[in-house]
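Engineer: Residue numbers (numbering that gives the first Met the number 0), protein chains in the order written: chain F, 0 to 375; chain S, 0 to 223.
No wet-lab data here; the hints were simulated from the structure. Since the model is a prediction, treat every value here as computed from it, not as a measurement. Worth double-checking, as some hints may not be accurate.
As the list claims (entries may be wrong) - Quick list of in silico lysine to any residue cross-link-like pairs, SDA-like style, CA-CA up to 25 Å:
| id | chain 1 | residue 1 | chain 2 | residue 2 |
| --- | --- | --- | --- | --- |
| 1 | F | Lys107 | F | Gly70 |
| 2 | S | Lys127 | F | Thr50 |
| 3 | S | Lys129 | F | Pro84 |
Unchecked claim - Derived Cβ-Cβ restraints for the label pairs, each shown as a range:
| id | chain 1 | residue 1 | chain 2 | residue 2 | range |
| --- | --- | --- | --- | --- | --- |
| 4 | F | Val328 | S | Ala204 | 25 to 31 Å |
| 5 | S | Ile49 | F | Pro101 | 31 to 37 Å |
| 6 | F | Ser45 | S | Lys38 | 31 to 37 Å |
Using N, Cα and C, we set each Cβ at its ideal position, and we do this for glycine too.
Residues per chain are reported as follows:
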Amino acid sequence: MDEANVDRQDTLTAQLRKRFANAGGDFTLDVTFTINPGITIVFGPSGAGKTTLLDCIAGLTIPDSGKITVGERILFDHTRGTNTPVQSRRLGYVFQDLALFPHLTVRKNVEYGLAGFDKEKMERRKKSDTILESFRISHLRDRKPAEISGGERQRVALARALVTDPCVLLLDEPLAALDAATKSKIIDDLRSWNAAHGIPILYVTHNREEVFALGDRVLVLENGRIIADGTPHGVMAAPRRESLAQLIGFENIFHAVVTAAHEDRGTMTCRIADSNLELDTPLVRAETGSALLIGIRAGDILLATVQPVGLSARNIIPGRLLSLEQRDVIVAARVNCGVEMEVHLTLAARDSLQLKPGREVWLIVKTHSCHLMAAG
Amino acid sequence: MDWQAFWLTIRLAVIVAAVLAVIGLPIAYWIAYSRWRWKFLAEALVALPIVLPPTVLGFYVLVALGSRSPLGRAWQSLTGHTLAFTFGGLVIGSIIYSLPFAVQPFAASFALVDPKLIAASSTLGASKLKTFSRVILPLSLPGLVTGVALSFAHTLGEFGVVLMVGGNIPGVTRTVSIDIYDQVQALNYTSANQTALVLLAISFAALCLVYGVNRKVGAVWPWK
Chain F
0 MDEANVDRQD TLTAQLRKRF ANAGGDFTLD VTFTINPGIT IVFGPSGAGK
50 TTLLDCIAGL TIPDSGKITV GERILFDHTR GTNTPVQSRR LGYVFQDLAL
100 FPHLTVRKNV EYGLAGFDKE KMERRKKSDT ILESFRISHL RDRKPAEISG
150 GERQRVALAR ALVTDPCVLL LDEPLAALDA ATKSKIIDDL RSWNAAHGIP
200 ILYVTHNREE VFALGDRVLV LENGRIIADG TPHGVMAAPR RESLAQLIGF
250 ENIFHAVVTA AHEDRGTMTC RIADSNLELD TPLVRAETGS ALLIGIRAGD
300 ILLATVQPVG LSARNIIPGR LLSLEQRDVI VAARVNCGVE MEVHLTLAAR
350 DSLQLKPGRE VWLIVKTHSC HLMAAG
Chain S
0 MDWQAFWLTI RLAVIVAAVL AVIGLPIAYW IAYSRWRWKF LAEALVALPI
50 VLPPTVLGFY VLVALGSRSP LGRAWQSLTG HTLAFTFGGL VIGSIIYSLP
100 FAVQPFAASF ALVDPKLIAA SSTLGASKLK TFSRVILPLS LPGLVTGVAL
150 SFAHTLGEFG VVLMVGGNIP GVTRTVSIDI YDQVQALNYT SANQTALVLL
200 AISFAALCLV YGVNRKVGAV WPWK
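Isolated chain F (complex conformation) (with noise of 0.2 Å):
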């Protein structure tokens, strides 16, 4: 083994604060954390702070004051006057737009941060070989960046970062451009390589599908702060603060009132405020009579223009379509139920169900699609 695995299994901890002040006012970074081996998200809208707090922990931002330290090596530490330059800090970062180097073939991009460790040249061929072989891009080595595709492009920035044996790795939205089944490609073999080297990994996202995908833990980052910390069932699914709840891209957004807990199914039943609509939602801590926000993403609902049967979803419920407004490739329908609901649909559904305002039509919400938030 080399001896860049002396140090592994080490912690990240941060305790920064990083003040900007622009023409929009003020925004300042201030945040606190540990974070174990294992991937961690960062959740946020962007402007949150998310690349900021990266750029600070890699070096490429000076905070105003805090620490960070990896195990026993501190980075910062602006009591004792210690930064430890950005080539020295011996992180992985992989940048939103990646940044390879667009006039190096892919092995030279791999290979780049070798160089100064490993002065053997067949050692560092043997390295490159194997992190190409492990993100399954060997047969791309000889091509430039500009010559292989977006999701190719990204495992040539991962291999790139990993292949330098980082005590940590951040990745600022590395996936938010691929396909979902691109996606989960490059997330296995992320994984894959982690259960091996078992290092802190800070991930940062907008996107509420990779949350779930992903992190054994999630800090949600808002305004500089973070405002949430845990798992991601726990922090996405728990009652919360309907700031959140926005910034997570709800269209319905709801104030209820908790009418029935089942605690034995699970389930609660709430009724929405001003109307006579009960949805079946997922048990949350509430008391029966305390009031709510149910969040309902357009994407998540179904509709129909016959009532359906034979049915796992507990929410079908009648309605009248008010307007379709097509919106790109999507057709976004609001559909009055004792409530205005938007709904999502395809162009082809559209067509194909022939749908006119003033069509009666049900609406089929599954349980685990109502998202239950603090109210206020």
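Since the structure of chain F is provided, determine the placement of chain S on it from the hints.
Structural biologist: For chain S alone, coordinates are given in the frame of chain F:
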């Protein structure tokens, strides 16, 4: 045509372009990446030869090289002769005169390199020198060619500085543009025209090189 003047001019331009390629790079690097608040002063100083009358520049260079200045005296005590009215003096004057024509294209092309690539290089453990030689320099190649070609072409045609610093000594400081001037003074228009045409052709070729390497991505090569 005066071939002696011609080769002397080529020799001068090659030396000046080569020296500027070496000293221009660190200056341009500093101008592109320094965050010093008074940087604009240095930028203005480097650009000064563009607007300064060549005779003014030449005058100060002549004074600085002369035996009354500390610099000139030091050189004289070292070598036994002054730099004024020598080929070496000509080289120094020309380097200063053509400095912005090398530094500005260098600095402009450095500034165009995606800062993310520089950040990526340093997160991969590369020193500043390695980042410069393996990322910044190769990605700035068109700017480097431009700077070298412009300083070459600019030196080729200079007149005022040469006259002030070098005078008109055949085989030592007499360049093509001074030769043309002499021939026109002697009403020798045919010979002046021949020499002028050669200079015109070389300058045009140098500029074709500059615009050729700076063509937009996706442009088609004319011979394909």
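Engineer: Now tell me, hint by hint, if it's right for this structure.
Structural biologist: Each hint, compared with the structure:
1. F:Lys107 x F:Gly70: Distance ~31 Å between F:Lys107 and F:Gly70 Cα, so the pair is violated.
2. S:Lys127 x F:Thr50: Holds. S:Lys127 to F:Thr50 sits at ~23 Å (cutoff 25 Å).
3. S:Lys129 x F:Pro84: holds (15 Å)
4. F:Val328 x S:Ala204: 25 to 31 Å: Because 53 Å falls outside the window, the suggested range is violated.
5. S:Ile49 x F:Pro101: 31 to 37 Å: About 32 Å separates the Cβ atoms of S:Ile49 and F:Pro101, which means 31 to 37 Å holds.
6. F:Ser45 x S:Lys38: 31 to 37 Å: Since F:Ser45 and S:Lys38 have Cβ atoms about 32 Å apart, the given range 31 to 37 Å holds.
When the structure is compared with the earlier hints, violations turn up for hints 1, 4 and for no others.
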